[in-house]
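Participant: Residues per chain, in single letters:
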Amino acid sequence: MAKSRHQELGLTDEKVLDMYRTMLRARKIDERMWLLNRAGKIPFVISCQGQEAAQVGAAYALNLEEDYAAPYYRDMGVVLAFGMTTRDLFLSGFAKAEDPNSGGRQMPGHFGQKKNRILTGSSPVTTQLPHAVGVALAGKMEKKDFVSFVTLGEGSSNQGDFHEGLNFAGVHKLPVITMVENNKYAISVPLDRQVASETVADRGKSYGMPGYQVNGNDPLDVFAVIKEARERAVNGEGPTLVEAITNRLTAHSSDDDHTAYRDKEEIEEMKKNDCIMLFSEYLKEQGVLTDDAETAMMKEIDDEINDATEYAENAPYPEPTDALKYVYAEEGGE
Amino acid sequence: MAQMTMIQAITDALSTELKNDEDVLVFGEDVGQNGGVFRATEGLQEEFGEERVFDTPLAESGIIGMSVGLSTQGFRPVPEIQFFGFVYEAMDAVSGQAARMRYRSGGRWHAPITIRSPFGGGVHTPELHADSLEGLMAQQPGLKVVIPSNPYDAKGLLISSIRENDPVIFLEHMKLYRSFREEVPEEEFTVDLGKANVKREGKDITLIAYGAMVHSSLKAAEELEKENIDAEVIDLRTVQPIDVDTIIESVMKTNRAVVVQEAQRQAGIAASIVSEIQERAILHLEAPVLRVTAPDTVYPFSQAEEVWLPNYEDIIEKAKQSINF
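Those sequence lines, one after another, are chains A and B. For what it's worth, the UniProt record's numbering labels the leading residue of the first sequence as 1, then goes sequentially. For what it's worth, the UniProt record's numbering labels the leading residue of the second sequence as 1, then goes sequentially.
Take the hints with a grain of salt, since some may be wrong.
A short, non-exhaustive set of chain A residues, derived as facing chain B with CB atoms under 7 Å [stated by the list, open to error]:
1. S102
2. T127
3. H131
4. V133
5. N158
6. D161
7. E164
8. G165
9. Y326
Because the hints were derived from the structure by calculation, they are not lab data. In this text, all values refer to a predicted model and were calculated from it rather than measured experimentally. Note that the Cβ used here is the ideal one computed from N, Cα and C, for glycine as well.
The task is simple: from the sequences and hints, build the whole structure.
Facilitator: So, in structure tokens, the structure goes:
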């Protein structure tokens, strides 16, 4: 019997099911965040919906015990794969003191978790890229085998930091993998009003690195490209730019209405190509997933989300006086 | 002891810390083989290798952004911004990123970065080379801002800055780089950040300054002495945090103060010091606290520089105005 696509990539049935579970967790957490927002319980949501395949496909091609991630605000799939928990994400959504990202100091989607090697990020886009390059330079100098994985939207690829960071990575052949999640909109501005080059991947050439465009709606396609990029990186062959073509199924954020700048047909068409649905179909075709197993998986995830929501909602907020902490090192502290 | 210029003392401090701590890295535009446009890093690449002392592409935001990444991995980056006006290209990386790593991660990350940069007027470099932007930096919580006025302090303060666990902006006044030599120990020593130095004791009036203006203030004090006015001169050395205790102690003794800065008058360090004095010592004052500053214009072209910059005569004038109030 011919091997399936995932087997060709060296992925076991168990592994692809795990990938699917992570995609589904990201989606379901995101959907719950919207409900909580509309119920007036959390202030803001910025979605991963539609981009889970690219995020999870890429993350599973990395070494999740050693590699570093510098994610952007939509990357719930990436941070879940790197070890952030559902509870952590709800603590962030509710901006509670126990939130491991920032202790409730930043907006949701500003991921950062030292123990899981997720760099803390900022609000202006693309600032994470030079940070990731610095991490890669450190790894190269210390002769460590980790790679630095950084993601951003295609709109962010127009920032100066994109150019400055990737150029340095190219000059010094650093182990950096940059994945642009091209969902074709920078909030409301469509791709043809953002990017002058034919593709974002084309920009790799000017930084002395290969640029690949990949179907970001298929986690296996993304996995294959990132796996190859990681091999190049750890073999000292330098950085790679990957452009994953994705869809943004929701408005930019909970404060945006995307029907103001997108046709109904376009939105409907995207939903017909929902990456979660497509991967579920693939797994069922391959006999890896059954309807019953999927139902059980969803129930398990729902239970986890209910527990996390309840925990986070009841958790204490930071004390107002906590705002005075962590500006400078404490006397004698690190 | 050796006789050193300020630039030599800075090179010496960099060399000392590169030797002491293998996590220290020195990089920036032209700092490698060329040794820096002012020769601050001369010979360092040769001695410590291209991995630890290296040239970067011409990209200030990338330089500081990358420093943030390096610092998360335990390194102590000492990047150079070639002229301090060019920091505008990196303002987000400095104030939005490095300064906030500790705060926004709830203390889990921090950024022990020392950003060195030449600045200051009087050497015929126009705007964006000579600008005094320390006020802008000092307004960003999370940063410390250090400005030495002499070779001894430059070495001791730079070593302290590199060892500091918070980001430090270390500003080197170009006019002081080679204007004089003084004795500087060849062995390592530190000068504490946040501690002012009383350069001259006096009982009639306190002159508060930093950087090149310390020398103008000392000269003014010498002239004032001829007219039996005994001025105390304080060199702040660090403008964030400011050593307010030393200032207040002095003002309580002299009851009069003039604050001197090379920067423009609007906002800024001098205004902040005036506020501190009136909040903490108003009943000790015999006269309003006055300021000597540059005018509120963009740093001028070379021909206007001598007129535009504050000088010792301006300081004498304000000191007399205070005395005669």
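Participant: Just to be careful: measuring from the Cβ of V133 of chain A to every Cβ in chain B, is the smallest value less than 7 Å?
Facilitator: holds, 5 Å
Participant: Once the shortest beta carbon distance from G165 of chain A to chain B is found, is it less than 7 Å?
Facilitator: Holds. Min distance 6 Å.
Participant: Go through the hint on N158 of chain A and say holds or violated, using the shortest Cβ distance to chain B against 7 Å.
Facilitator: Violated - the Cβ of N158 of chain A stays beyond 7 Å from chain B, reaching only about 14 Å at its closest.
Participant: With 7 Å as the cut and Cβ atoms as the points, is Y326 of chain A at the interface with chain B?
Facilitator: Holds. Min distance 4 Å.
Participant: Tell me if the interface restraint on E164 of chain A is satisfied: Cβ within less than 7 Å of some Cβ in chain B.
Facilitator: This interface hint holds because 3 Å falls under the 7 Å limit.
Participant: Please verify that hint: T127 of chain A, Cβ, nearest Cβ of chain B, below 7 Å or not.
Facilitator: holds, 6 Å
Participant: Is the interface hint for D161 of chain A satisfied, with its Cβ closer than 7 Å to some Cβ of chain B?
Facilitator: holds, 6 Å
Participant: Using Cβ atoms only, decide whether H131 of chain A comes closer than 7 Å to chain B, and label the hint accordingly.
Facilitator: holds, 4 Å
Participant: Is the interface hint for S102 of chain A satisfied, with its Cβ closer than 7 Å to some Cβ of chain B?
Facilitator: Because about 5 Å separates S102 of chain A from the closest Cβ in chain B, which is inside the 7 Å limit, the hint holds.
This entry does not satisfy hint 5, going by the numbered hints stated previously; all others are met.
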